[in-house]
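2 protein chains.
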Amino acid sequence: MMDTQLTLDSMIKRTEQYFPKKEVISRTHSGVQKFTYSEIVGRMKRLGSALESLGVNKGDRVGTFAWNHHRHLEAYFAIPSVGAVLHTINIRLSKEHLIYIINHAEDKVLFIDEDLLPLIESIKDDLETVQAFVVMTDNETLPQSSLSPLYSYEELLKNAESSYEFTTEIDENDPAGLCYTSGTTGKPKGVLYTHRGIYLHSMALAFKDTVGLSESDVILPVVPMFHANAWGMPFVSTWLGTTQVFPGPGMTPKLIAEMIDEYKVTFSAGVPTIWLGLLQELEKGKYDTSNVRALLCGGSAAPKGMIQAFESKFGISFLHGYGMTETSPLVTVTRIKSTMENLSDDDRLEVLSKQGLVVPGIEIKAINENGEIKPDGVDMGELLIRGPWIADSYYKDDRNTEAFQDGWLHTGDVVTLDEEGIVKIVDRTKDLIKSGGEWISSVDLENALMAHESVFEACVVAVPDVKWQERPIACIVLKEGPEHQISKEDVLEFLKPQFAKWWLPDEVLFIDEIPKTSVGKFLKSKLREDVEKELAL
Amino acid sequence: MMDTQLTLDSMIKRTEQYFPKKEVISRTHSGVQKFTYSEIVGRMKRLGSALESLGVNKGDRVGTFAWNHHRHLEAYFAIPSVGAVLHTINIRLSKEHLIYIINHAEDKVLFIDEDLLPLIESIKDDLETVQAFVVMTDNETLPQSSLSPLYSYEELLKNAESSYEFTTEIDENDPAGLCYTSGTTGKPKGVLYTHRGIYLHSMALAFKDTVGLSESDVILPVVPMFHANAWGMPFVSTWLGTTQVFPGPGMTPKLIAEMIDEYKVTFSAGVPTIWLGLLQELEKGKYDTSNVRALLCGGSAAPKGMIQAFESKFGISFLHGYGMTETSPLVTVTRIKSTMENLSDDDRLEVLSKQGLVVPGIEIKAINENGEIKPDGVDMGELLIRGPWIADSYYKDDRNTEAFQDGWLHTGDVVTLDEEGIVKIVDRTKDLIKSGGEWISSVDLENALMAHESVFEACVVAVPDVKWQERPIACIVLKEGPEHQISKEDVLEFLKPQFAKWWLPDEVLFIDEIPKTSVGKFLKSKLREDVEKELAL
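Chains A and B supply the protein sequences, listed in that same order.
Per the numbering used here, the first sequence starts with residue 1, numbered consecutively.
Per the numbering used here, the second sequence starts with residue 1, numbered consecutively.
Misleading hints may appear alongside valid ones.
Which copy is meant is left open, because identical chains are indistinguishable; a pair holds if it fits in one copy or across any two.
As the list claims (entries may be wrong) - Here are the simulated lysine-lysine pairs, BS3-like style, with alpha carbons at most 25 Å apart:
id	residue 1	residue 2
1	284	479
2	21	374
3	284	34
4	13	374
5	533	521
6	337	264
7	304	430
8	488	374
9	34	304
10	488	501
11	13	365
12	337	34
13	284	254
14	337	496
15	284	430
16	337	13
17	434	396
If you are wondering where the hints come from, they were derived from the structure by calculation, not from laboratory data.
Nothing here was measured: the structure is a model prediction, and the numbers come from that model.
Only chain A is shown next, with the shape it has when bound in the complex (with noise of 0.2 Å):
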């Protein structure tokens, strides 16, 4: 066979050539604009070309500070088809990560946004490898910055030579990207991708049997592209010719639903705050959600009463989905097998309500001291994940010994198995409760909460007891509206038939609002802490 590289500019080549006229829409500060895939992609040369007029070279890492916009997507393609690393920066990091992460990938150029100057600003002095900075603004004229040189992200793509091609020869080995896992404790970590996971990754997305992206979608984006490569969406779509609709900064449920109706979305990908949010925000307004098939959700586990409510209210199909940075990210996303049709109402919730099926490619298994644990929904164990689009180490780092053994990532998340193979994350590793030698998973009392129609958010943490090691603490924040007043009493009456009598937790919380990681997680840690202090413990 030939030897043909899987790499990122071929992906362009198709798009420019079958999907000239198809449109990318993009939502900035000044508004919504519309782009053919053939004025991107003619863009998209254009960087290519200022790229190398900023002397970039093949294997320099350029890193992006942005919201999701078009130009964003322009900086997806460009920068790894002249071969060098896109390195997407989470915005949300502190300022002390922030010098990290700039300074360890050692970038060489930034592309930030405007509104976002300010923080970059505010650490430039112990940046140690940016040699240019490029502001991505629909303005004409540079804005006030104290960051230097400072470039125009339109003026350098209109002094770009027009005729330019990627001509780079480029290994599907070579890496593609970079991304930094936001960890709660210790300095980030450093995942590079290379052309052939992003590329391999970007087939098993358009699979009929994972998510099943295609032309003929319209996908809205909502996981940011600083964000495992907003689980690795603009690659695909942009690939297969799909309408791709950005929706750029600060979005709220409000922008979601709207854009949604607006530009009539097919499919969407966030984390289960964003789709909370985005139910509340359906059942008040009058949105047409028609062209909606599915909402993947990913990052933690979504409540079966949102599922459920999706489904019922809209006739959304509410895929989970499951992966890490580590992993590109896709590893399980929720299957209804051929033989599970007839299951009841209620196992079938229960089925969309786990992370769901290894996609093909990539291999599994689960693992405690006792060994491999046994596919019965209830044996857990430590999830191990390998394949052709799985991280096999940290980027230039020495931390690489406990995740990475035996040519298996250890993901540190507590998983069970069923029968048919369905993953269902328990736990992380760290935030199981250790309760009289017993485990008690903190996230089944949290998903069971959830499902509480007073509740709106849950988070159950782990607190010292003397007698059994570790008991469950409950942190509810309620939802809005005197109704919704319930009482400590309430919550462990709602509970006790689900669960046995020492899992119930020992105490309930209700606070305004839970500590949450820069990707939306909840703040575990955090919480323990203020918990630890409220209970004077």
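For chain A, the structure is supplied; the task is to place chain B on it using the hints.
Leaving out everything else, chain B in the frame of chain A:
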């Protein structure tokens, strides 16, 4: 990213783990048998063990000479999974070609269906490398045969190591399969498939935007397993856990219709002749075809009338594909882009009658003496292809220079490309009719003729002409029944409104049968000879 190799053994691991209860239905001489994938994968492993005990080593070629059934499927995976090469041999080849390819491939072992034993017996003295013959039979006793040593497939499995696992270290670029093209002239040429090529091709078949094969499908491969790996369907279907229905020896339209009905088939694939026969059968009988979502048609172009009949009478989508043994084979497939949804019925049918859009992962272009052709639906040029599942040479062959140039496969097929990039096969380069300095497409004339209600099959060939260089002659097989007895004048009247005058055939010959190649394509070289004799040219 991990250096995970894309190999076939990983596919059956997935099947065994997640789809153990899904079924493979197989018709052999003794009737229809059902197996679970758990049983099939168990048998594959035993076959792996048996292959090793027969002395098959990594890299050895192992031939199969068989119909479409479960044992052939087992060989499809077991042979490559021990690191050997699955050489599927076309059972319709001449003895001369059979001897040539078995010796050229240096097959070490041959797996043969019981009813095909006589063919191999008749050439056994000319086989130079075969060390063992295995008869694929349901019978418990070994048949009388002059082949030696001769083993029984089931006996080998019975005696194989039950705990055998595939452990051979395989690189994705190692060879997995071998298939010889059944060219109409010269010795057959071998195409060597790698694990990587087959794996990526399988991924492409699973795309929602190609044929979208899925676990929920029930597939019936009518296309023979000795013909370009049955278009790759056994590989992807096993991987995804799709139910497979193998029709076995001596397929008839009636048999296919019955199996479609009985096993609730959703998807099938074959050449136009098969679908013509099936259509006639469906019109006669009372079959339930309500589960069929699509039929894939390749090998040569299907007449519009047939496409329309399947859609309008039976609600069955008809997908056109294009490929060759050299291309694994999928290169293009019918795709109505979302931008084409408002086409008129006629325009839509026109699109469906073309060969479709190139699948993601593959690149095509078409060239003539002026360079790349214009995508205007008129300009004609030879189709060139490249990609990771396209051959880069013929196996141990010095006839590599013509087909493989500058990194492209030169197909010898003449195409037009419309502005959507959709491919239409106009002719084989050598079948184009050159009349008065212009080109006439024999395929266009054939398709028009086959749309006539009295025409069963039609083939147009060129004959030498003193004045015009070449002129077209139409050869027609009429449908049965007195109402279908039309004249030469009827035929020409029918064509007149559709073509320029100089395209009209100089002669119309009514014949009993069109000579065909071993894979069911029109054998134009033979027909041309017959015509020249008939017309005393």
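_Earlier hints that do not hold, by number_ = 3, 8, 9, 14, 15, 17
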